Each structure stands twice: as structure tokens, then as C-alpha cells.
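Residue numbers (the working numbering), protein chains in the order written: chain W, 52 to 220; chain V, 68 to 482.
FYI, nobody ran anything at the bench for these hints, they're computed from the structure. Certain hints may be false.
[Said to hold, decoys possible] Selected chain V positions facing chain W (in silico; Cβ < 7 Å): (1) V77; (2) T81; (3) E140; (4) F322; (5) V325.
Here the structure is a predicted model, which means the values were calculated and not measured. The beta carbon of each residue, even a glycine, is placed where N, CA and C say it ideally should be.
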Amino acid sequence: MNQSFETQVRIAIRALSDVIAPALAGADKHVVEQLQLTIATLGFVADRIPEATRFARLELSSCLALAERARAIVQPSLPAESEALAAGISVGEEVLALCVRDAADCEVASRHLREQLAALVATTHGSPCERDLTAAILDGSEAMLAQARLWALPFGFELTPEALPAPAW
Amino acid sequence: MTAAVMSHPVLSFTEAQRRHPDEAMIARIRDRYPTEPEIDAVLTRKMRRRRGDPYKAVPIERLVAGVTAMIGEELGYEAQVSNARWLSGGASKLQMVFDLTWRGLDGQAPESVETLVLRMEPAASVTESSRRREFEVLNAVQGVIPAPRPYWVDPEARHLPYPGMVYAFAKGAAKPSVGVEKVSGLGQNYGPELRAKLAPHFVSLLARLHTVDPGECTAMVSFMQAQAGSNASVIRQVNAYRRIWEEDRIEEEPFLEVVYQWLIAHAPSVDRPSIVHGDYRSGNFLFDEASGAITAWLDWEGAVIGDRHQDLTYATLPTFQHLSEDGGSVLASGMMSKDDFYAAYEAASGLPVDPVRIRYFEIFNRYLVCVLTLAASARASLQAGTHQDVLVNFVSQMGHTAIADLRERFLEVTR
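Go ahead and model the full structure; you've got the sequences and the hints to work with.
Below, the structure written as C-alpha cells:
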């Protein structure tokens, strides 16, 4: 590959910004708006492509840590759910250990664990372990949500980006 | 009377199932998250439509033909549609403005030209909603607060490619024509002079809307009434958003399940049912710049009969606020501080603002925003469902900020 994906996306952005946009000066507002949004979206992609695998691995690591914590909480009272979660954790750890795996594998494993964790929240509602599990989810989600906000920073929705933590990926 | 919290089996669907939902999946979700019949019908239609083709660009000529046929059938005589052009604005609906040459609703008036708007949904949307309900609520609020006059609705897309409605073109500005000082915040800044005129109207119109007796609104037949003393209407709404989360999400967020359980367990009873706009905020109304009067409230698609605190807390969401020019206070919907807003509302409506319900609906509305961004918007753009997927995808990215804000407020409210 003599030209990286990032470079190719940036080339496309330049063409849209420098050539196409001026030619659409008199076009309908929604046409110009969609062009501007397209340029911004491609800008996000160009910024993040080089870091995508690292970010996906970070997310998977966070999901695994939270899942381990949740499993310890529910194991005494929900052995079947705990075993299912252990299987999901095992798959996630295997994916994470293989550094050659791409971001998509990490995403699949993360999403599976997310589904399992949310299902546990629903299952344990009203049970003795509800409180501990809720606390673990709230606690564990803090850093994960902050990293997701950082990841989406190029879209420009953060009022005070400087208040966010440093990227952990 | 309070709706009971019941234990249900946990649903589990794959991404492949969400992309191509079968009837069994749809039925299980409908059964698990019961809501109002019309909302159920709209969401069910969305899921069935998902099995079909992605959204295809609709030529304006197709809309002109559809709206001409629709109006002709309604009027019983031929009326001319001309000067059709796209109307920009909004992330969810496709809108066309046009001139109608006609002789009035009964065909007996002298020929005249009126400018109208066709508002049609695409194949998928940020907010999947009912054109029938939007049409009904617009009828119900005529003479109560300024809103476009609705004329005709095609709720089952008999004439149009997708369900749509026609209403009068409302005059007014959505933003100030002259630049205002840059302030910190995402919300619309109207500037100090205009703000001073708009703010009292912003409050008094909300008070007027909420003091209408929904039981008297015979036009709102697609809405379920909310019963005073019951939380059933609140739970129906929470379930509607939880259902959208189940149908549309790209990836699960365990924290949102915690919030859903809390919303069900803590749903307050409605003390006095009101017509709730559902999207009452800066940027959703037109105004006359000279007088500072609000000329039309727009985007009624999220209207419900429910608890007034839903609108009150929606208008104060962080997304719609900004700092005052001196940096001294946070202006809810670019109007006034939250405390001043609630005090002015109490004075204008004669209705109390209950801190407990305020806290509940602060969580409810934040949950709603998370669902609409991280699930509905993300899914609509993923499956090429709209006429502006690039915008809808952009909107979905707000969800990361929104969910962090929800978590922060949730911790404050529950600890």
C-alpha cells in the first residue's frame, strides 16, 4: 500500500473543500450543509484511522475489567449467568492477546460483553446483588465514557475538551 | 394507582436480527415494552420497513405529484401546486414548501394562492413519529399557542412515498439576522436585546399549553390520556424509549439499563395531565425579529399527554443552554437561568414546579437524548434510511457527550 487510508481520505477532503464547495456557492442550503458535514465526517475518519485498533483494544480491556468485576458479584447467586459471562471474558481475552487481530474482532468481543453486562443488570434487578452490580457499572462506565467522548472529539460537540482526560489508547 | 414493576425475561438479539427483524422478534419487543397504540404502530412499521430497500432519494416532482393527488382528493376539486422547493432545517423530516392555488376548503372562496409545507418522513428517522398525532396536536393547539395550521395528513402514505402532512407555511425567523456575541455553549444565542423580548413569551406560551385540559381536546384521538394520580403514562413513555434502544442500538451500554430500571421504579404519578410538546426549546420556534414575539412553535412530533415537568426539564437540558455574555449565569434555552425559568413558569401557569418530578424528568430527558442519538440516529444512518445520513450520523456522535452528562446527573440525583 503506497498510500495510507488516512492520506487518501485527506486527499478527498481537499477536493471537496477546495474544488467542490466553491462550485456549490449558489446551491440549496441543505446541499451545502451536507457537503460541510461530509467534510467534517471524513476529517474525523482521517484523524482516527491510525488509532482505531488501539482504541478498540482499550475498549475491550475496559469491558473485560468490568465484566470480571460483575462476574465476581453475581457468581454466588447466579452461577449460570456467571459461567456465561466467564465464557465471554475468555473469548475477549483471547482476542486481546492476539495483537495481530484487527479492530473489528475487538469490537465484536466488546459488544458481546456489553450485551452480557446489560442483561445481568436486568436479571439482577430486585436481587441482593443489584446494588453492588449497579455500583460496579456506574464506576466502571466513568472512564469508558470519557474515552468514548475523547474518541468523538473531532466532531466538535465538547464544550470543554480540555477538561477531558488524556487518551488512554 | 401506580403501575406495578414486573419481572420480564431478558431479550437478546444479534446485529443481523436488528438489520433484518422478523415478525417473531418484533412481537417479542412489542410484548416486552408496551406503549401507546399509535407509537407501537409507528415503531412496528419502522421495523417492518427495515426489511425493505434503503431510502432512495425522492425527486421533488414525485412529491408534487403526490401532494397534488392528496389535496385533490381531500378538496374534491383540482387545485394547482406550483413553485415547489426543498425546505432545509431539522434532522429528521423531509420538507417541501410550495404554493397552492385553490378556492378554499369548501371550494366556494375566490381563487387565492397560499404557501404551504409538506412534511414527510424518510424511511428511517432520528425520531420515528406519527404524522397522524402531529396533525392532531397541531389542530388541538390552534388558538392556544402560535403553531402552523394543519390542513391534510396522509398517515398511511396512500399518495406520498412515506407518511406526510401538509400545513401552512409559518412566517418568522429561526435565528437572529445579525450576529450576536460569541458565547460558550451549544444552545442558540439570541443576544441580550432579543432575549429580553422572547423570554417572557417563551414562558407564557408553555404555561398556556400546559393549562389546556387534554380531556377537552377531542382532536387528539391517537393519544392515550394520562390519568391524574397514576404513573402509567410515564411508564409507557419510558418503555417507548427502551423499546427504541432495543430495536436500534449499535452496541449495548450497560449503564443505560441501570437508568431504565431506575426510571421504571421511580416513575412519578402525574398530578395534572397536560399536553406536553416534547421538544420545547430554543431553535424550535420562529419569531418576529422586530417585536420579539414568537410566531410559531414547530416540531410537534414528540407531543404526548403527560407531565408538564417533562417540557420544563427538556428546555433546560445542557445541550440547549449557553453562558450569558458576562459569563455570570447559564441561560436555559438561551432565555434565563433555570431557577428564573421555573419561577416565571409557576407565576404564569399557576401550576407548581415540583423538585422531585424535576429531578425525575431531568434523568428521563437525558435518557431520551441518549436513545435518540446513540441508537435511533446511529441505526438510521447505518442502514441508509434517510435523505441526509451524513447529518444524522453527525447527530449520533452527540450521544457520547449526552451519556456522560446523564451519568453525572444520575449520580447526583440518586446519591
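Please list, smallest to largest, the hint numbers that this structure does not respect. Failing hints, ascending: 2 and 3.
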